[in-house]
Amino acid sequence: MATNAQTMTDTSDTLVSQTAVWKPVVKRSSWEQLKRKIFALATVRRISSVLIFLALWTVVVRFIPNFHQIPPPEQVFLAIFKIKVSVFFFEIFRSLYRVLSGFFLGILIGFPIGVAIGYSRILNYLLFPAVEMVRPIPPIAWIPLSVLFFVNIESQIIFLTFYGAFFPTVYNTVGGISGVDIRLPRAGMSFGVSKAQLLFRIILPAASPQIFAGLKIAIGITWLMVVAAEMIASKGGLGYLIWYNHTVMNYPFVFVGMGTIGVIGALCSVGVDRVGKRFTKWLDIF
Amino acid sequence: MAPEQYDVSGVIIEKPSAASKVFNAKNLLKVISIVSLFVLWALLVRFNVYRFGLLPTPADVLTWGIEWVQGKLFWIDVAYTFARVWGGVLTACLIAIPMGLMIGWNKVFSDFTFPMVEILRPIPGIAYIPVAIMFLPWEEASTAFICFIGAFFPIIVNTITGVKTIDRSYFRAALCLGSNPRQIFWHIVVPGALPYISTGMALGMGIGWMASVAGEMISGKYGLGYRIWESYTLIRYPLIVVGMICIGFLGLASSAAIRYATKRVVPWRKAITESLDESITKR
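Chains A and W are the protein sequences, given in the same order. Using our numbering, read the first sequence as starting at 1 and increasing by one per residue. Using our numbering, read the second sequence as starting at 287 and increasing by one per residue.
Bear in mind the hints are in silico, worked out from the structure with no lab data behind them. Worth double-checking, as some hints may not be accurate.
What the hints assert, rightly or not - Chain W is faced by these chain A residues, among others (derived, beta-carbon under 10 Å):
1. 44
2. 63
3. 104
4. 139
5. 267
Don't be surprised by glycine CBs; every beta carbon is placed ideally from N, CA and C.
Use the sequences and the hints to build the structure in full.
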């Protein structure tokens with residue numbers, strides 16, 4: 001498509017390529033570039049935002065009586081070095097395993113259902129109202145029933161993470177498919193594509209930006225679910241780590257656990273984003 | 287009743303009668319869908335497939351639900367949960383919307399605050415439960431705090447996006463016509479961001495309801511989430527399902543209320559709000 005656009009601009013002077021943005025090329029050594037980046041005013045401000053937050057945290061903890069139980073930032077920082085690495089990584093992998101298996105299970109079941117609802121009108125009428133009935137119930141409210149239903153604690157937690165991932169996947173797949181520009185399938189049909197080609201070559205690629213937006217929401221909710229489920233099920237994982245350290249009044253570790261969840265959650269959502277970018281490379285052209 | 291007929295370029299099109307608008311194949315399928323959900327549930331429980339026998343039947347849920355709704359306790363629970371969620375979410379709105387507007391509008395303010403928002407954002411609201419219990423003196427506030435944290439980030443991120451997507455030429459036009467920053471703020475930044483703010487608030491409301499359940503399960507004396515957990519420990523299983531349905535309904539109603547209110551406030555971009563809702567809020 002990129003080559004197409006170029007040939008177009010070559011042949012006709014009325015069409016202007018929207019992709020070509022010319023920037024003046026000034027050669028700088030990489031060290032100079034780095035220096036410029038570091039000492040730019042914006043970067044200094046950005047770093048100072050973190051410092052301001054830390055200062056606020058310290059002041060609040062020191063001077064407001066209600067907050068005295070919250071450890072000041074330096075204690076949290078020192079607590080990082082007291083972690084038993086093997087135990088800590090074991091908990092991380094436990095949580096990650098639960099999140100990812102729930103997430104992929106959600107995709108495995110939610111995506112085909114979403115495609116069915118979005119693609120077929122009859123299946124839409126047959127499935128969508130039922131989905132719509134169950135959706136408003138927040139996944140956390142399912143905790144007691146899943147504890148009741150599943151014998152195995154691991155499968156309880158994976159069911160909850162799956163449930164958290166299921167609805168965003170279904171909804172955004174349906175939304176993405178129904179939002180496809182009708183001209184694209186029509187163009188495809190006038191070229192005589194088969195039904196399978198219509199779905200896999202035209203509709204799904206066109207819907208993929210929103211599908212991946214849904215997956216990004218889904219992975220966020222699975223992390224939320226895993227923390228809640230682990231706090232209540234108390235069988236390992238980062239959520240349990242937080243809760244356990246809270247009950248034994250080891251407060252700095254609570255914050256370390258929260259930070260770890262934040263970092264790994266962010267990494268997961270960046271990962272989903274990266275995969276999404278790979279699948280929607282054509283977006284860069286527009 | 288003969289359907290009214292009208293003629294479009296030689297093709298006779300039958301105008302659908304009122305009866306056929308309600309009783310058609312489409313609505314029949316929809317009804318089948320909902321009914322089969324309940325029938326499936328009842329059958330699974332009745333014939334004890336895997337461990338479904340442990341779950342309550344729809345009939346049980348209905349009878350318990352009717353009984354529970356007539357009692358006083360139900361309304362106390364609803365009032366507590368409602369107050370916590372709305373308190374938390376509205377506080378989040380009060381802080382997140384002005385902050386988001388400023389971050390989107392002012393580069394310097396954005397540099398000073400946005401990195402920290404981005405750093406704190408991935409931590410799920412539920413992970414704050416121990417912290418909330420640590421520093422808040424009463425339990426009511428701790429659940430409201432969880433709702434606040436849960437709702438804060440969707441609202442602020444959507445507000446920032448709303449300001450960033452305002453057409454730059456509005457700002458230039460306003461500057462050309464000699465408006466001062468205050469006028470730009472009130473006449474361009476705020477109205478321009480409103481559709482996204484509405485989406486963010488509806489999204490925040492949903493997450494607030496979710497967070498409230500977790501907060502109440504872990505700490506609290508009243509509230510629907512607490513009642514669900516208590517019903518589990520007291521082996522009154524039908525009440526769990528009744529509570530779930532109540533939470534789902536109230537959450538849906540809250541989001542719908544926000545969407546309706548903002549639609550009244552932002553009539554000029556109704557179409558845009560609706561398409562945004564389609565793409566973002568549908569979770």
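Evaluation of the provided hints:
{"no.": "1", "hint": "44", "result": "holds (9 Å)"}
{"no.": "2", "hint": "63", "result": "violated (13 Å)"}
{"no.": "3", "hint": "104", "result": "violated (18 Å)"}
{"no.": "4", "hint": "139", "result": "holds (7 Å)"}
{"no.": "5", "hint": "267", "result": "holds (9 Å)"}
Violation of the numbered hints given earlier is confined to hints 2 and 3; the remaining hints are satisfied by the structure.
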